[in-house]
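Peer 1: Protein chains in written order, with the numbering used here: chain Z, 78 to 235; chain P, 3 to 116; chain U, 206 to 301.
Note that these hints are calculated values from the structure, not bench results. No residue lacks a Cβ here, since even glycine has one placed at the ideal position from N, Cα and C. Keep in mind that the hints are not guaranteed to be accurate.
[As the list claims (entries may be wrong)] Computed, partial: chain P to chain Z, Cβ under 10 angstroms:
1. PHE13
2. ARG31
3. ASP46
4. LEU59
5. MET61
6. VAL68
7. PRO82
8. PRO99
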Amino acid sequence: MTIRHILYLFLTLAAFWLLNSGIYSALMLSLGAGSIAFVMYISHRMDVVDHESQPILLSWKLPLYLIWLCKEVVVANAVVVKHIWLGGRSISPTLATINVTQGTDLGKMIYANSITLTPGTVTVDVVGNQFTVHALIRENIAALKVGDMDRRVSELEN
Amino acid sequence: MGTVVEISSGFFLLVGAFLSVSGGVGVMRFPDFYSRMHAVGVTDTLAASMILIGLMLQMPESLVVVKLILILLLTLFINPTASHALAKAALHNNLAPLLDKSGDNNAGDDSSNS
Amino acid sequence: MIAVATIAILVVMILAITRGIVGPTLYDRILAVNMFGTKTVLLLSLLGFLMGRPEFLDIAIVYALINFISVTGILRYSDALGSTVSVDEKPEKKES
């Protein structure tokens, strides 16, 4: 817990309060300052203020990755909607184990969340360097095993 | 407000409504729990995004747009976590997924528990 | 267009509630409740615009957070039950 993390937490909380409040009188601002101090005290007690809780500091490649992820989500949505209207006979549910190459917990978290966010694939379990993934159709697992998303997430974490 | 913004807002709202209904139909049609989860994923990601983007175009007032973006971010961060926790709990409590038989295309033949 | 989207969301909520009542397993019901909560957030946003009262968005934000906490709470409870309980037919554990 360095001074930089405390500063970033304070700025995040202050921005959250100011954007949600919209009333900038002295009373509301002092209430906001009290709330921020209270939340920072609780975060300090819980010992969660470290580099993992602030993925903004991750990498400058994150916006590029998010844009790519948005495109993937749109494509996957189209596929799942097509299979919804084709009916239950057209799907081929698959449960498979895939290997991941991320070194850090944060990288694994981003990869697992990206898999789950993409419709058609859900990360069911994470054990070590292996994810158990349930897919709506078999081609999704094949696409994950090619490892395009895996490579892009690994590039994020340095 | 320009008509272009109005038309694109209506377009986003209509696409979002269609995707929502598709997800709802998928929840009713799919044969087992795990595949229904994917249908819920459609309504949680793209449908919610489309509807909220359509609403953002409706009112170009900064604080309202910021709140809509906050709702969108919360939805996109929270729902994968909830889906993952749900699937993990289901698998750990021995709810067997209905799997496709390898090779030939006979998915959903033994849909006994739906 | 906002009215059309609102009606579509209401239809989806009816479908989710139907799945929650029909759902053969406990997890189908939790899934339906989660989906219902997400759709409630969208419905609140749409209603705020339909009635011209953007203050509804604050309620929508709070509802999104509460929805996540409730689903996580139910899942921790069902995890605490352990794998000794059969989940296929569980009529007495019908959460609302």
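Peer 1: Hint by hint, say whether it matches the structure.
Peer 2: Here is what the structure says about each hint:
1. Interface hint status for PHE13(P): violated, as the beta-carbon distance to the closest one in chain Z is roughly 15 angstroms, over 10 angstroms.
2. With a least beta-carbon distance of about 6 angstroms to chain Z, the hint placing ARG31(P) at the interface is held under the 10 angstroms criterion.
3. The interface hint given for ASP46(P) holds, since its Cβ lies 8 angstroms from the closest Cβ of chain Z, which is under the 10 angstroms cut-off.
4. With 10 angstroms as the threshold, the beta carbon of LEU59(P) stays out of range of chain Z, its nearest partner Cβ sitting at about 17 angstroms, so the hint is violated.
5. Hint on MET61(P) is violated. Least Cβ distance to chain Z is approximately 14 angstroms, over the 10 angstroms limit.
6. Against a cut-off of 10 angstroms between C-beta atoms, the interface hint on VAL68(P) holds, since the closest Cβ of chain Z lies about 5 angstroms away.
7. At a threshold of 10 angstroms, the smallest CB-CB gap from PRO82(P) to chain Z is about 4 angstroms, leaving the interface hint in force.
8. Residue-level restraint check for PRO99(P) holds (minimum Cβ-Cβ distance to chain Z is 6 angstroms; threshold 10 angstroms).
When the structure is compared with the earlier hints, violations turn up for hints 1, 4, 5 and for no others.
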